[in-house]
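Student: Residue-level listing of the chains:
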Amino acid sequence: MSMLLTTSVGSLPKPDYLATARSRARKGELDPKELRRLEEQATRDWIARQEELGIDIIVDGEQYRGDMVAYFAEQLEGFQTSSLVRSYGNRYYRKPVIAKKIRRKRPMTIGWWKFAQGLTKRPVKGMLTGPYTIMDWSFNEYYPSRRATALALAEVVREEAKGLERAGAQYIQIDEPAISTRLDEIDLAIEALGIVTKGLRAKTITHICYGNFQALAPKLNRLPVDQIDLEFANRKFELLDAFKRLKLRKEIGLGVVDVHSHRIESREEVVANLKKALKVFKPEQIYVDPDCGLKTRTVDEAVGKLRVVVEATRAVREELLN
Amino acid sequence: MITTVVGNFPKVAEAGFGTKVISSISRWQRKELSDAELEGVFQGITKAVIAEHERAGIDVLTDGQIRWEDLVTPLAKKIEGFEINGLERWFDNNVYYRRPILRKAPVRRGPILVDEYRAAKACTSKPVKAVLPGPYTFVKLTEDRYYKNDSRFLRKIAELLNEEAKALEAAGAPIIQFDEPALGFGKPPIKLILEAIAIATRGVKATTALYLYFGHLNGFLEPLQKAPVDILGVDVASDPQAVGAIRKVKWTKQLALGCLDARNTKLESVTELHALFDVVAKRLPLDRVCVNPSCGLEFLPYEQAVQKLRRLVEAVQTYQGR
Ligand SMILES: [Zn+2]
Chain A
1 MSMLLTTSVG
11 SLPKPDYLAT
21 ARSRARKGEL
31 DPKELRRLEE
41 QATRDWIARQ
51 EELGIDIIVD
61 GEQYRGDMVA
71 YFAEQLEGFQ
81 TSSLVRSYGN
91 RYYRKPVIAK
101 KIRRKRPMTI
111 GWWKFAQGLT
121 KRPVKGMLTG
131 PYTIMDWSFN
141 EYYPSRRATA
151 LALAEVVREE
161 AKGLERAGAQ
171 YIQIDEPAIS
181 TRLDEIDLAI
191 EALGIVTKGL
201 RAKTITHICY
211 GNFQALAPKL
221 NRLPVDQIDL
231 EFANRKFELL
241 DAFKRLKLRK
251 EIGLGVVDVH
261 SHRIESREEV
271 VANLKKALKV
281 FKPEQIYVDP
291 DCGLKTRTVD
301 EAVGKLRVVV
311 EATRAVREEL
321 LN
Chain B
323 MITTVVGNFP
333 KVAEAGFGTK
343 VISSISRWQR
353 KELSDAELEG
363 VFQGITKAVI
373 AEHERAGIDV
383 LTDGQIRWED
393 LVTPLAKKIE
403 GFEINGLERW
413 FDNNVYYRRP
423 ILRKAPVRRG
433 PILVDEYRAA
443 KACTSKPVKA
453 VLPGPYTFVK
463 LTEDRYYKND
473 SRFLRKIAEL
483 LNEEAKALEA
493 AGAPIIQFDE
503 PALGFGKPPI
513 KLILEAIAIA
523 TRGVKATTAL
533 YLYFGHLNGF
543 LEPLQKAPVD
553 ILGVDVASDP
563 QAVGAIRKVK
573 WTKQLALGCL
583 DARNTKLESV
593 TELHALFDVV
603 AKRLPLDRVC
613 VNPSCGLEFL
623 PYEQAVQKLR
633 RLVEAVQTYQ
643 GR
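Chains as they are written, first to last, in the working numbering: chain A, 1 to 322; chain B, 323 to 644.
Some clues are possibly wrong.
To be verified - Subject to a maximum C-alpha distance of 27 Å in a straight line, what follows is the list of computed BS3-like cross-link-like pairs (lysine-lysine):
(1) A/Lys33 - A/Lys295
(2) A/Lys105 - B/Lys588
(3) B/Lys426 - A/Lys236
(4) A/Lys105 - A/Lys198
(5) B/Lys369 - B/Lys426
(6) B/Lys588 - A/Lys100
(7) A/Lys121 - A/Lys105
(8) A/Lys162 - A/Lys121
(9) B/Lys513 - B/Lys470
(10) A/Lys247 - A/Lys282
(11) B/Lys588 - A/Lys101
(12) B/Lys399 - B/Lys353
(13) A/Lys247 - A/Lys219
(14) B/Lys509 - A/Lys219
(15) B/Lys470 - A/Lys236
(16) A/Lys247 - A/Lys279
(17) B/Lys342 - A/Lys27
(18) B/Lys509 - B/Lys575
Simulated from the structure, these hints should not be mistaken for lab results.
Hey, can you work out the whole structure from these sequences and the hints?
Tutor: Listed below in structure tokens is the structure:
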């Protein structure tokens, strides 16, 4: 019986040589072919690492992506890039601008998915950014409303999801971190996500973070996916209380390590928290992973955190089986 | 109709006054730049931003809040008792700020914004208004671990803001504006808020303004007609019901019409702005209306921020010339 499968949310840190290569490539000092070679190298290393650690469902680590919205905006027709806007503090970025009708000219993630799946027998997740989040994190000069924008994006993300499924992906994750910001638009987010997942046979997952979960919780059963992945660790597992009242009719991706702290959680604390979660969810309902993408941690910290995810989960699995 | 702005302006302009602020702040953080040198950079950009507003033909200016990371931390950093904490989302935007926490009784040791106000005022012969967070927004964006009592905390903050407002008035500010975006979210306690606004504006003889932006008006335009302020700012870009609400209310205040969406790059047409002015003109005489973007322009890249300013002026000039 499969239960308490381990996985990660998506991004993994880029090794120093790749971070340097990316910045040189941006300045035109590095041949794109050489950058591609280094991205492949880093992907290979992360897949080997995840296998060694014993992660059940692998990710490609997104070594070739920068920002989770910009990566898709750069490949879709209809998007332009703005000049700099501030994100917080002294951090600036170029925000995508929807200037024309959005079209998917070519696959955006499928080539990398095939490359990663070719390196391992374990299933590799397809990783997409959801239509509501792409809409919310872009300027829109073309579509008449936020709804029209989200629905147009849903069509192209759906094409990509279908392509991943045709290529053989058994798990497709569609991240919607923006969904929790405007709860008055939850129906739109659900409608758009429903277009993406409709008719897919692959297992569908959505990851949601940084929001007001007390308000979002009652809506979770309406999200048109098989699994909802949430951050539990950085909220000290207080979220479990919400699920004591609400019966979740979906699988749960259980974030058990905090991606914002340098400290590697102890096996004992993760085991204790998993046991708390088992009082609320059934073992076959739970997938165990870090809270969010690990890309802001160092490689060593990320490996340490993934290791404790696997070791704690194994310990709990064994107790359940004996 | 007088043209004005709500507050902030892009701090970087690749196609204008440059991006010096980014490297200057980094160097200041590494202690390679002194406080005075950084202040010199800020003042240089403030001067350039004021010149942009003058070139566009805006009547009543602000200093562009070039030194500000957000609406509350510039004050919270200077009020004893606050400590600046982790990143939180800035309302419903994909923008973040560091949340201040109150740990001890708050003490204001002296004027906070007066020096930067005076420096901005010296750059122009046009009126420069002073902008402060409203007491309710200040309280909602911070965390109170000292009073542990919402109404006492709110009243105390309103008193501190009142001291600052009087200091800014003494420095020559003809208009003192309080921003209250937090009123657009959740269930604000309107009676308590009216009391706090009365405290914040007590004894201020300058013109006072209360600006609402983001979220929904929640039926507050009616009770706010009793607030002791001269101008009420309404963002008609964020709440689709705002224009209807403006029409329903019996106006005792001047209206500041937030008529250009300062969170999207799409440029409004003169025709649609004129149609909006027509609607407003049926409700109150246009000499009691001023017009501005829906909120501060810093959500936009520099080029589009300037375009919005020019369009605002163009729409007013062609409307009055009809
Ligand atoms: Zn996340």
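Student: Would you mind marking each hint as holding or not holding in the structure?
Tutor: Verification of the hints:
no., hint, in the structure
1, A/Lys33 - A/Lys295, "holds, 23 Å"
2, A/Lys105 - B/Lys588, "holds, 24 Å"
3, B/Lys426 - A/Lys236, "holds, 26 Å"
4, A/Lys105 - A/Lys198, "holds, 22 Å"
5, B/Lys369 - B/Lys426, "violated, 37 Å"
6, B/Lys588 - A/Lys100, "holds, 12 Å"
7, A/Lys121 - A/Lys105, "violated, 30 Å"
8, A/Lys162 - A/Lys121, "holds, 21 Å"
9, B/Lys513 - B/Lys470, "holds, 20 Å"
10, A/Lys247 - A/Lys282, "holds, 11 Å"
11, B/Lys588 - A/Lys101, "holds, 15 Å"
12, B/Lys399 - B/Lys353, "holds, 19 Å"
13, A/Lys247 - A/Lys219, "holds, 11 Å"
14, B/Lys509 - A/Lys219, "holds, 20 Å"
15, B/Lys470 - A/Lys236, "holds, 22 Å"
16, A/Lys247 - A/Lys279, "holds, 12 Å"
17, B/Lys342 - A/Lys27, "holds, 19 Å"
18, B/Lys509 - B/Lys575, "holds, 24 Å"
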